[in-house]
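Student: The primary structure of each chain is shown beneath.
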Amino acid sequence: GENVEQHPSTLSVQEGDSAVIKCTYSDSASNYFPWYKQELGKGPQLIIDIRSNVGEKKDQRIAVTLNKTAKHFSLHITETQPEDSAVYFCAASESNDYKLSFGAGTTVTVRA
Amino acid sequence: GAGVSQSPSNKVTEKGKDVELRCDPISGHTALYWYRQSLGQGLEFLIYFQGNSAPDKSGLPSDRFSAERTGGSVSTLTIQRTQQEDSAVYLCASSPLKGDIQYFGAGTRLSVL
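If you're matching them up, the sequences are chains A and B in order. Using the numbering used here, the first residue of the first sequence is number 1, and each one after it goes up by one. Using the numbering used here, the first residue of the second sequence is number 113, and each one after it goes up by one.
If you're looking for bench data, these hints aren't it; they were derived computationally from the structure. Heads up, a few of these hints could be off.
[As the list claims (entries may be wrong)] Anything over 12 Å on all C-beta distances counts as not near chain A; from chain B, calculated:
no., residue
1, Val131
2, Leu144
3, Gly183
4, Arg193
[To be verified] If you only want the chain B side, here are some residues facing chain A, beta carbon under 8 Å, derived:
no., residue
5, Val124
6, Ala143
7, Tyr145
8, Tyr160
9, Phe177
10, Gly219
Since the model is a prediction, treat every value here as computed from it, not as a measurement. Note that the Cβ used here is the ideal one computed from N, Cα and C, for glycine as well.
So that you can see chain A by itself, here it is in the shape it has in the complex (with noise of 0.2 Å):
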């Protein structure tokens, strides 16, 4: 099966620096990678998502890069706000599939 490896496994950054999570999939037939927020207390939010026919995808302060031949993809927020601290989870499927395999996630911290 499919096997996500996130990392870091914590960061803390200042108010207004960037942060980049990576994730490394195992699974060549993987083709869909969706990023969750999850702030305390509240179930995982989607962020932003990409598919395997498209390198990099932005909105706004968040962008995700794919690499398919390294089997690795990055999340990237740029000006981060105080609002951006939570836990970043990345996950991985095929596309039309149920099953997300996800990283173990990444508590963020932006210090004002």
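Since chain A is already given, all that's left is putting chain B on it; use the hints.
Tutor: Just chain B now, kept in the frame of chain A:
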């Protein structure tokens, strides 16, 4: 409209007792998923429903775990004879169709004493 609703939000039980966790998916979503989130870990897939059928139960950790879905809507996850290692947050998600974006509920935090 309303999101995925789970109840109870917190459940404390004694070892050996049975528990039922409830999930109300977003109206009209045909696919429903259960995940388990242990402390400091990612989400572990448990089971998937398409309508009232569960084509994939492979993630259920043991035969003490079961789930059902009725009317293509509400789902119940039952854990029999709970053990301390069952302590975790149980998350439910739904999507319009299989493979669509999954929308998560806030979860049920289960503590087995």
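Student: Run every hint past the structure and note whether it holds.
Tutor: Hints and how they fare:
{"no.": "1", "hint": "Val131", "result": "holds, 19 Å"}
{"no.": "2", "hint": "Leu144", "result": "violated, 10 Å"}
{"no.": "3", "hint": "Gly183", "result": "holds, 20 Å"}
{"no.": "4", "hint": "Arg193", "result": "holds, 27 Å"}
{"no.": "5", "hint": "Val124", "result": "violated, 16 Å"}
{"no.": "6", "hint": "Ala143", "result": "holds, 6 Å"}
{"no.": "7", "hint": "Tyr145", "result": "holds, 7 Å"}
{"no.": "8", "hint": "Tyr160", "result": "holds, 5 Å"}
{"no.": "9", "hint": "Phe177", "result": "violated, 17 Å"}
{"no.": "10", "hint": "Gly219", "result": "holds, 6 Å"}
Checked against the numbered hints listed earlier, the structure breaks hints 2, 5, 9; every other hint is satisfied.
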